[in-house]
Structure formats: structure tokens, C-alpha cells
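What the sequence shown shows, in our numbering, is residues 8 to 295, in sequence order.
Everything labelled a hint here was simulated from the structure, so no lab data went into it. Backbone N, C-alpha and C fix where the C-beta goes; we use that ideal spot for every residue, glycine too. Incorrect hints may have been included.
Here are the in silico distance ranges between beta carbons for each label pair [claimed, not checked]:
{"#": "1", "residue 1": "R64", "residue 2": "Y108", "range": "35 to 43 angstroms"}
{"#": "2", "residue 1": "N260", "residue 2": "N106", "range": "36 to 44 angstroms"}
{"#": "3", "residue 1": "G67", "residue 2": "Q103", "range": "14 to 22 angstroms"}
{"#": "4", "residue 1": "T90", "residue 2": "A203", "range": "37 to 45 angstroms"}
{"#": "5", "residue 1": "T289", "residue 2": "A203", "range": "31 to 39 angstroms"}
{"#": "6", "residue 1": "S248", "residue 2": "L88", "range": "20 to 28 angstroms"}
{"#": "7", "residue 1": "G67", "residue 2": "E286", "range": "14 to 22 angstroms"}
{"#": "8", "residue 1": "G143", "residue 2": "E271", "range": "21 to 29 angstroms"}
{"#": "9", "residue 1": "N262", "residue 2": "A189", "range": "32 to 40 angstroms"}
{"#": "10", "residue 1": "F220", "residue 2": "K285", "range": "45 to 53 angstroms"}
{"#": "11", "residue 1": "P142", "residue 2": "N262", "range": "39 to 47 angstroms"}
{"#": "12", "residue 1": "N102", "residue 2": "S248", "range": "27 to 35 angstroms"}
{"#": "13", "residue 1": "L89", "residue 2": "K171", "range": "20 to 28 angstroms"}
{"#": "14", "residue 1": "N224", "residue 2": "A292", "range": "36 to 44 angstroms"}
Cut-off 25 angstroms, straight-line C-alpha distance, at most; resulting in silico cross-link-like pairs (PhoX-like, lysine-lysine) [what the hints assert, rightly or not]:
{"#": "15", "residue 1": "K285", "residue 2": "K270"}
{"#": "16", "residue 1": "K259", "residue 2": "K285"}
{"#": "17", "residue 1": "K193", "residue 2": "K208"}
{"#": "18", "residue 1": "K172", "residue 2": "K185"}
{"#": "19", "residue 1": "K140", "residue 2": "K208"}
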Amino acid sequence: MESNFELQECGLVLEGGGLRGNYTAGVLDAFLDAGIYFPYVIGVSAGACMGISYISRQRGRNFQILQQFHGDPRYFSIRNLLTTRSIFGKDFLFNQLPNKYIPFDWKTFIASPARFTAVCTCCETGEPEYFEKQPGMEMADYFTAVEASASMPYTSNIVGYKGKKYLDGAITDAIPLKKAEAEGYKRNVVVLTNPAGFRKKDKPHPPNKLLYFRKKNLISALETRVARYNQSLEYVEAEGSAGHAIIIRPSKNHNVGLVEKDKEKLIRLYELGISDTKEMLTQIANGN
């Protein structure tokens, strides 16, 4: 396959999934290895976090973060939850890491002709909002949108951005294939972080009315998110069957949690993302 293969008029949709996003990191590194680039990338939560290093073309950066900082309490810990109300260390992830420890190539990211969008949930409306990178933006500004996209309910604090309050985009648009299609991308590659056959099961709701007092639209979105997620999966699979989407998802059951403590499991999941994608490169390049 030729290097720097541009997939014209084909979008890339990245699901979240907490630390299951290391599968997505493997997928994206396989794309970079093959020189495959998409003109439009939309990511949710962990998908947005992993996707930025694909746009900046920093192959292996996400894996380096896993290797060096998984298990570091600054990354994720109960201590963070108790002291900052967020299990993931937001300042560490979105300030210290990209600026000091594993520098993020903002110049390449912002200069890339590829469109990149992070999905967030507006706490006032209970609806998804989409933040696309724009020329001239500062890293700290856009990284606040990515932080909001990855702010999981119940274990993260609400993030203020551009005068509004936001949480995890996965609450309202966990697999934003319809958004990619609405932007004009009728062919898409969709990266999921759970294997075929997966469906979310409804569980007893946490005390949303206490946790998110006076945010009735957000509460409604939280209480219907499982049904909406499963509907999104069904739509993705229907688009796949119709030939409008290519689905990349784990070929094996991985038993990896949202906040997985077993580093070796995450390394294997990353490696699975690479191997699964390599097997599909010809199909992706041909668009069928």
C-alpha cells in the first residue's frame, strides 16, 4: 500500500470507553504505520483523547502514556476522586502530560487539513454539542473541549467551556456516525471498543436528582443513555451491512473495564487493535 494514502470523502468515527480506548490507540497507530489518513475524524470521550495524537501524527504517543503512567495516581486514582471529584487527573492529563512529560505536537495538529471534532454533552440542554478544531486556536482552549468530552458522569466533575457546562459526549452521542454522515461523509470507518454482539444492560440509576440537582435535561439524558447507545450500535451495524460503514472492533472478548487496573490487559488490547486493523487495511483502502 502506498504511503500517505488519503481516504477522500471517508470519515473516521471513534467511540469512547474509558481505558478500553487503548484498543482505538492500536487502531490509529496501525493507520499511521500504513500512511492512511482521513479527512474527517470525530471522537467521543476516550476516542477524542486518542484521536488527537492521530491528527498530530504522533505514532505511539498514546501507548507511551499507557506504558509510563498507568498505575501513577496522578493519572487515575481514588485519591483524585476524593480531592478533585474526578477519578482521572484532569490537570495531569490535559496540561502536564502534553506540555511536559510526553509533549503534544500542537503545530502539526492545528495545521492538519483534516477536520477533527470532539463530542460533548451540554448539561443545560441534555443534548450533544460538537467542537471542531479551528485555525488559530490555542491548545489549552481546545483541550478543554477534549477534557469535557472525556468527563464521565459520576466520576468526573462538570467542565466549563465557552460559557456552558459539559460532561461526557457518550451520554448523548456515544457513536456519532449520524453526525459524520450529516457532515457529508457517506462512507465511514467506525472504531468500537467492545466485540461483536455487545449491548449495554440497563442498571439501577444512581441518584441523578441529587448528583445533578436542577439539571433535568441532563438527568433525562442519563436515564435514557443505555437505550440510546444500543440504538446507535444497531444503526452502525445496519450501515455496515449496507456497505456504508466499515466497522473495526475487538475480534476477541477482552474483559477490560472502563477504569482497568491490569496494565497487561491494556497492552494486549492495544496490540489487538493493531492486528485487527492490519487485517482490514485492504478493505479500508478500497472502501468496501
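Now the hints, each set against the structure:
no., hint, verdict
1, R64 to Y108: 35 to 43 angstroms, "violated (19 angstroms)"
2, N260 to N106: 36 to 44 angstroms, "holds (37 angstroms)"
3, G67 to Q103: 14 to 22 angstroms, "holds (19 angstroms)"
4, T90 to A203: 37 to 45 angstroms, "holds (40 angstroms)"
5, T289 to A203: 31 to 39 angstroms, "violated (20 angstroms)"
6, S248 to L88: 20 to 28 angstroms, "violated (41 angstroms)"
7, G67 to E286: 14 to 22 angstroms, "holds (20 angstroms)"
8, G143 to E271: 21 to 29 angstroms, "violated (42 angstroms)"
9, N262 to A189: 32 to 40 angstroms, "holds (35 angstroms)"
10, F220 to K285: 45 to 53 angstroms, "holds (49 angstroms)"
11, P142 to N262: 39 to 47 angstroms, "holds (43 angstroms)"
12, N102 to S248: 27 to 35 angstroms, "violated (43 angstroms)"
13, L89 to K171: 20 to 28 angstroms, "holds (27 angstroms)"
14, N224 to A292: 36 to 44 angstroms, "holds (42 angstroms)"
15, K285 to K270, "holds (23 angstroms)"
16, K259 to K285, "holds (15 angstroms)"
17, K193 to K208, "violated (30 angstroms)"
18, K172 to K185, "holds (24 angstroms)"
19, K140 to K208, "violated (34 angstroms)"
Of the numbered hints listed earlier, those contradicted by the structure are 1, 5, 6, 8, 12, 17, 19.
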